[in-house]
Amino acid sequence: MLIYILLAIFSVLGLVLIFIRRQRLNKNLWFFTGSGQKLFAYGEKYIFSRFKKQNKSFINIPVETSAPDAAHCPAAVIGNETVQPRLETDDQKEMEKYFLAGEKAFKKDYVDEAEKAYIKALSFNENHVEANLRLGVIYLKKNLPMKAEAIFKKLLGINCGDAVVYSNLGNAFYMQQRYPESCEAYVKSAELDSSNPKRFLNIGRVTHEMGNYDATIENINKAISLDPNNPDSYAALADAYVSLGNLDRAKEVIDQGLKIDKNNLNLKAVSKKIKHKKPRK
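Heads up: the sequence shown runs through residues 1 to 281, numbered per this note's numbering.
Because the hints were derived from the structure by calculation, they are not lab data.
Owing to the predicted nature of the structure, the values given are computational and were not obtained by experimental measurement.
Be careful, since some hints might not be right.
To be verified - SDA-like mimics (lysine to any residue), calculated; alpha carbons at most 25 Å apart, straight line:
{"#": "1", "residue 1": "Lys141", "residue 2": "Asp91"}
{"#": "2", "residue 1": "Lys268", "residue 2": "Leu258"}
{"#": "3", "residue 1": "Lys116", "residue 2": "Ala105"}
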């Protein structure tokens, strides 16, 4: 009898999860905007994820901030009035005032205050590159990936497609578990900035989620070749070998990483994972 009751409970939970995932596509629903989106993410992480197979890598993908405007989409910043409209002097001053206020708050990680300031700056010029970019980063920090996605797509729409924009668009897709789209954005970011090891670490992370462990190993090895002193890369590589069931190789990679940083938490997490993993026969 107990077994039947448990099966019934799991069936109901499964139906609820399917319903929520379908409704998530509707951006007009209150629980997928603002604090409601956070509530969904919390419930999915701490309730529904317990009934899903866990095979995720441990390495977090940080959002990327940016350099000054001129480093981002110079065609949009310099002389293109269809993208950067000519403002009256007073409006220009007001826009700069709010943008600088946003920058000040952003540097202190006062994300709510910064968000309001950037939105106000964008009310004078909706295509201000850096304000949009910062706002997208804030939405990622606040776990609002759909809003972040809209911002980064907007930047692409005004020909602002540099590596940082594509990388953060990949982050937005990744947070929504839209892994193929995330991978595509990360690959584009790597094409534009192939000397940056984090581009390939990102690709390795998302291909791990997609179950393509060969691609994971290939890309993380590229990251290591560009920066052999990042212990997180070794943790990600070891985790891929764990998923393949090659625990001996995983241990070797962990040992390599520990020589760089013996206190690295990601390496310790993968090492702990190995202890609970049965070797593949």
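Where does the structure disagree with the numbered hints, that is, which hint numbers, in rising order?
-> Hint check: 1 fails alone, others pass.
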